[in-house]
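These protein sequence lines are chains A and B, in that order.
If you're matching positions, the first sequence starts at 1 in this note's numbering and goes up one per residue.
If you're matching positions, the second sequence starts at 1001 in this note's numbering and goes up one per residue.
It should be emphasised that the hints constitute simulated quantities derived from the structure, not laboratory data.
Check each hint, because a few of them may be wrong.
In silico lysine-lysine, DSS-like type, Cα no more than 27 Å apart, as pairs [unchecked claim]:
no., chain 1, residue 1, chain 2, residue 2
1, B, K1146, B, K1071
2, A, K115, A, K304
3, A, K236, A, K11
4, A, K35, A, K14
5, A, K79, A, K197
6, A, K304, B, K1146
7, A, K115, A, K289
8, A, K324, B, K1146
9, B, K1071, A, K79
10, A, K289, A, K303
11, A, K120, A, K289
12, A, K11, A, K115
13, A, K48, A, K35
14, A, K232, A, K35
15, A, K322, B, K1146
16, B, K1132, A, K197
17, A, K232, A, K29
18, A, K328, B, K1146
19, A, K11, A, K289
20, A, K14, A, K29
21, B, K1132, A, K79
22, A, K39, A, K115
23, B, K1129, A, K79
24, A, K232, A, K11
To list a few chain A residues with every Cβ distance to chain B over 10 Å, as calculated [what the hints assert, rightly or not]:
no., residue
25, E7
26, N40
27, G161
28, V168
29, D220
30, Y285
31, A320
Glycine is no exception: its CB is placed at the ideal position from the N, C-alpha and C atoms.
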Amino acid sequence: MYAQLVETGAKRLKTLEEMSPEEREFQEKVDAETKIEPKNWMPEGYRKTLVRQISQHAHSEVVGMLPEGNWVTRAPTLKRKLQLMAKIQDEAGHGLYLYSAMETLGADRDEEIEKLHQGKAKYSSIFNYPTLNWADMGAVGWLVDGAAIVNQVVLQRTSYGPYSRAMVRICKEESFHQRQGYQILLDMMREGTDEQKAMVQDAINRLWWPALMMFGPHDDESPNSQQSMAWKIKRKSNDELRQMFIDQTIPQLEFLGCTAPDPDLKWNEETGHYDFGEINWQEFYDVLKGNGPCNRERINTRKKAIDEGAWVREAAVAYAEKQKQRAKAA
Amino acid sequence: MTQAEALQEYLLRLADSDMILSQRLCELCGKAPALEEEMALMNVALDLVGQARNWYEYAAELIDDGRDADKLAFRRDTQDYRNLLLTEQPNEDYAVTMGRQFFFDVWHYFTLKSLTESSDERIAGIASKALKEATYHLRRSSEWVKRLGDGTEESHRRMQDAVDILWRFTGELITPDDTDRVMAEAGIGPDPDQLANDWRGMVTEVLTQATLTPGAEDAWMYMGGKHGEHTEHLGFILAEMQFLQRAYPDATTW
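In isolation and in its complexed conformation, chain A is listed as follows:
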């Protein structure tokens, strides 16, 4: 899940009777699972919420390259280096693809990126944690891409056509990344030295809770969640998605021979789900507010890249303009 806490502007849900004829027609379409396309009428709140959600998702793909970039220059084998580079390249591609989907809603990529750099737009809190050993590259693929897929598989059915289609394509690539990530950990646990096995457990210990936080806060009382569900921008609650993720992940964790840093984690026969401990929500909101271990570094790196690249982009524009003039003159 790369979009957490998306503001909808809604205080409460409108009933069909309270809606304007246009709004009602729109809601009926959504209810009938007809996809909304860029040229269709849509409520301003729907448009704005989608822009926020898709841009958060796009920002997350781009910022998410940084914790991996931290190890791409130190990969342990040619094979692992190639895999990690391909994954990073895919993420840049996802970012581009998502920004394009966002632009179909009349938003501007540069403006949204500027908001990110000013700290006004969010990206997934997970990327504010550091990657400290090589096993993090496995754990990020397995847990972070894994958590993202749980959410995005559901979003393939989201009501906005371009976003839904982007999700279909992105999910395919991320499932691949997740399997590759898991394989990194499995190989180290099966054939690695004691030091390598310790790296794997250390990576899981550090990334476990932040991965669970990716699904966002409890959504029982949130008007944002209710509105997003009614618009079918969101299809399942944060807590449902988190439970799905835990249920599918624990058997994989056990197969690795590793443990989760959660003493309350246990199988519940009655519910048919795993019970798990309470997330440290203080930490979650701290990170969201900018007080995570790497928030400053991540944004500074991105801002610096775009600021210092300004002259390059200006040159490209100037050159294209000259070429156009020359073609006219010829």
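We have chain A; now place chain B onto it with these hints.
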């Protein structure tokens, strides 16, 4: 120098140059001037590591001392590395990054083009696939040299500076030594004179279009990478690139 010795040397030069330039490009991950450039840089870097792996695998078979491709890439020190000095130069600004790429790509393109007709079939096979990638790399980097050279006043100044900074490392690309000559005579490697002419021709053409001035033909040239005498940069590149392999020498699987 026997032909067999020269062949091993030659393969390591190809592999190491790909590997080190790719490593430099990896350093730019998340730091490119635009998202499209992130993709393109990583794409080029990915192609280069892929090619390096093919060259290393062939070299490892010929060297036949128990080392595999990974050992060749990650367990040799600077004096055993055979990359061109150009490839280890720092990224600096985007003009230097692209200038370095362009000078390399021209060399790479003509070298690979010639290698597709190598008398060594394994080399010809690897080169055919690599040439397609290098053709794209060259198109991309020459476009950037033109954009920056003939873009704004600032980009022109920076691009000209980049050409001036990097020029002294270009001589090594087109100055043959014994290894190059043995390879050429065996019909395995490119003809050195032809390669030098092709390189000069294309570089002059693109720089002229880019409104840039090439360095002097008789300029002093810094050489030595092909024999393991490197600039101070390579030690740091390897310290980073080979960190895990050296910190955990007992690890056999990653």
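27 Å Cα cutoff - pair A:K304, B:K1146: Roughly 24 Å between the alpha carbons, so the hint for A:K304 and B:K1146 holds.
Non-interface claim for A:E7, where every Cβ of chain B lies beyond 10 Å: Given that every Cβ of chain B is farther than 10 Å from that of A:E7, nearest at about 25 Å, it holds.
Pairwise hint evaluation, A:K35 against A:K48, where the allowed Cα distance is 27 Å at most: Holds. A:K48 to A:K35 sits at ~17 Å (cutoff 27 Å).
Non-interface claim for A:Y285 versus chain B (Cβ beyond 10 Å): A:Y285 clear of chain B: closest Cβ-Cβ about 26 Å, beyond 10 Å.
Satisfaction of hint between B:K1146 and A:K328, Cα-Cα up to 27 Å: Distance of about 19 Å is within 27 Å: holds.
Restraint status (C-alpha distance of A:K232 to A:K29 at most 27 Å): holds (11 Å)
27 Å Cα cutoff - pair A:K39, A:K115: holds (26 Å)
Closest CB of chain B to the CB of A:V168 still more than 10 Å away: holds (20 Å)
Minimum Cβ distance from A:A320 to chain B greater than 10 Å, as the annotation requires: violated (8 Å)
Holds or violated: B:K1146 to B:K1071, with C-alpha atoms at most 27 Å apart: violated (39 Å)
Restraint status (C-alpha distance of A:K11 to A:K289 at most 27 Å): Between A:K11 and A:K289 the Cα gap is close to 22 Å, so the pair holds against 27 Å.
Hint consistency between A:K232 and A:K35 [alpha-carbon to alpha-carbon, up to 27 Å]: Measuring from Cα to Cα gives roughly 10 Å; hence the hint holds.
Consistency with the previously given hints fails for numbers 1, 16, 31, ordered from lowest to highest.
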